[in-house]
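For the record, the sequence lines run as chains A and B.
In terms of my numbering, the first sequence opens at residue 1 and continues consecutively.
In terms of my numbering, the second sequence opens at residue 201 and continues consecutively.
Hints are computed from structural coordinates only; laboratory data are not their basis.
In this text, a Cβ means the ideal position worked out from N, Cα and C, and glycines have one as well.
Any given hint could be a false lead.
With the Cβ distance kept under 10 Å, some of the chain B side facing chain A (calculated, not the full set) [as the list claims (entries may be wrong)]:
# : residue
1 : Ala231
2 : Phe245
3 : Tyr265
4 : Arg279
The lines below spell out each chain.
Number of protein chains: 2
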Amino acid sequence: MAESNALPLVLLTEQFAKLPGIGMKSAQRLAYHVMKMSDSEAKAFADAVINVHKSVHLCSCCQNYTDRHICPICGDDRRDHSVICVVESPKDITAIERTNEYKGVYHVLHGLISPIDGVSPDDLKIKELLARISKGDVSEIIMATNPTVEGDATAIYISKLLKPLGVKVTRLAFGLPIGGQLEYADEITLYKALENRNEI
Amino acid sequence: MAESNALPLVLLTEQFAKLPGIGMKSAQRLAYHVMKMSDSEAKAFADAVINVHKSVHLCSCCQNYTDRHICPICGDDRRDHSVICVVESPKDITAIERTNEYKGVYHVLHGLISPIDGVSPDDLKIKELLARISKGDVSEIIMATNPTVEGDATAIYISKLLKPLGVKVTRLAFGLPIGGQLEYADEITLYKALENRNEI
Chain A
1 MAESNALPLV
11 LLTEQFAKLP
21 GIGMKSAQRL
31 AYHVMKMSDS
41 EAKAFADAVI
51 NVHKSVHLCS
61 CCQNYTDRHI
71 CPICGDDRRD
81 HSVICVVESP
91 KDITAIERTN
101 EYKGVYHVLH
111 GLISPIDGVS
121 PDDLKIKELL
131 ARISKGDVSE
141 IIMATNPTVE
151 GDATAIYISK
161 LLKPLGVKVT
171 RLAFGLPIGG
181 QLEYADEITL
191 YKALENRNEI
Chain B
201 MAESNALPLV
211 LLTEQFAKLP
221 GIGMKSAQRL
231 AYHVMKMSDS
241 EAKAFADAVI
251 NVHKSVHLCS
261 CCQNYTDRHI
271 CPICGDDRRD
281 HSVICVVESP
291 KDITAIERTN
301 EYKGVYHVLH
311 GLISPIDGVS
321 PDDLKIKELL
331 ARISKGDVSE
341 IIMATNPTVE
351 GDATAIYISK
361 LLKPLGVKVT
371 RLAFGLPIGG
381 QLEYADEITL
391 YKALENRNEI
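Working from the sequences, and respecting the hints, build out all of it.
Written out as structure tokens, the structure is:
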């Protein structure tokens, strides 16, 4: 193997191959690309990797990643702090923020209940959610977990926990994706779209 | 955007997005993955990036990447140093070594002649190839550049340079890929396969 010509290249290829969605071929291509970078570019890359570890942590309120004590969303007085949208991961917040429609705040669970993967409710940031709600002033919890078995199970589990507290719990609507075509919709999506049909 | 919650995460996402074949979505996924690494894993990753720059350079003989003065292939006495396989990039050596068939040595051009991209023969490691040949003892040069316009042009350019030196210059065979199907072969490949047909 040509990689064995240069151990540092092999090591870097292995590092890239550990990342999700990157196979050995892509990893090799990326390692060769880093090889062609200037010294300062390579240093900027390495520094970015280290810095993200040094200075990013979880927001003490919503558990999203942030480099401050309270993240900008939780610290924004113009947002409606009585509505909390519960998501699986920080990526989901990015997706929802992109709609520019949601004005409430968030809570990141950092996972979904999944007995098969050994993830129990205790592994999620549910205690932190209950603590936020117990402070009062919360009118609605929007469960925005994915429409999967784990996402549904987690939404139902949390809604059962919250019902006794008198908090309104809602779930994102499921149906046909906008711009999609009926003939390409899977039967479960189509069933949900029928079931949740609205008068026009 | 949720990324704006944590500047270091934005910076790392941007670094990943600069790599070839990685878009903004993948870059974000990778940055979140690095975030979830342990400190020591992140350090190992960053170190690998830096080390590849510090200790890998070009083999003074074949121009392949190596962390020694002479790469293991050039330094291997059991290989046939009279046959030199000329390739575009170090990746190609990996591919050819994988066949376990080739026992000669290599020469990496680090590019192909491409006037459109502003790459002239002077930008390639052609001088170094001529220097190797001028030392004598070379019986054959195998042009293993890609079967593209640039690959063909480079192969022809170099073969014209070498003809006066009395060196035999060959080119990889083109035809149907093994395991492929006639109906899916493009017309140029099929034309080459017909043209280069062999008696059985």
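### Message
Tell me the hint numbers this structure goes against, listed in increasing order.
### Response
4
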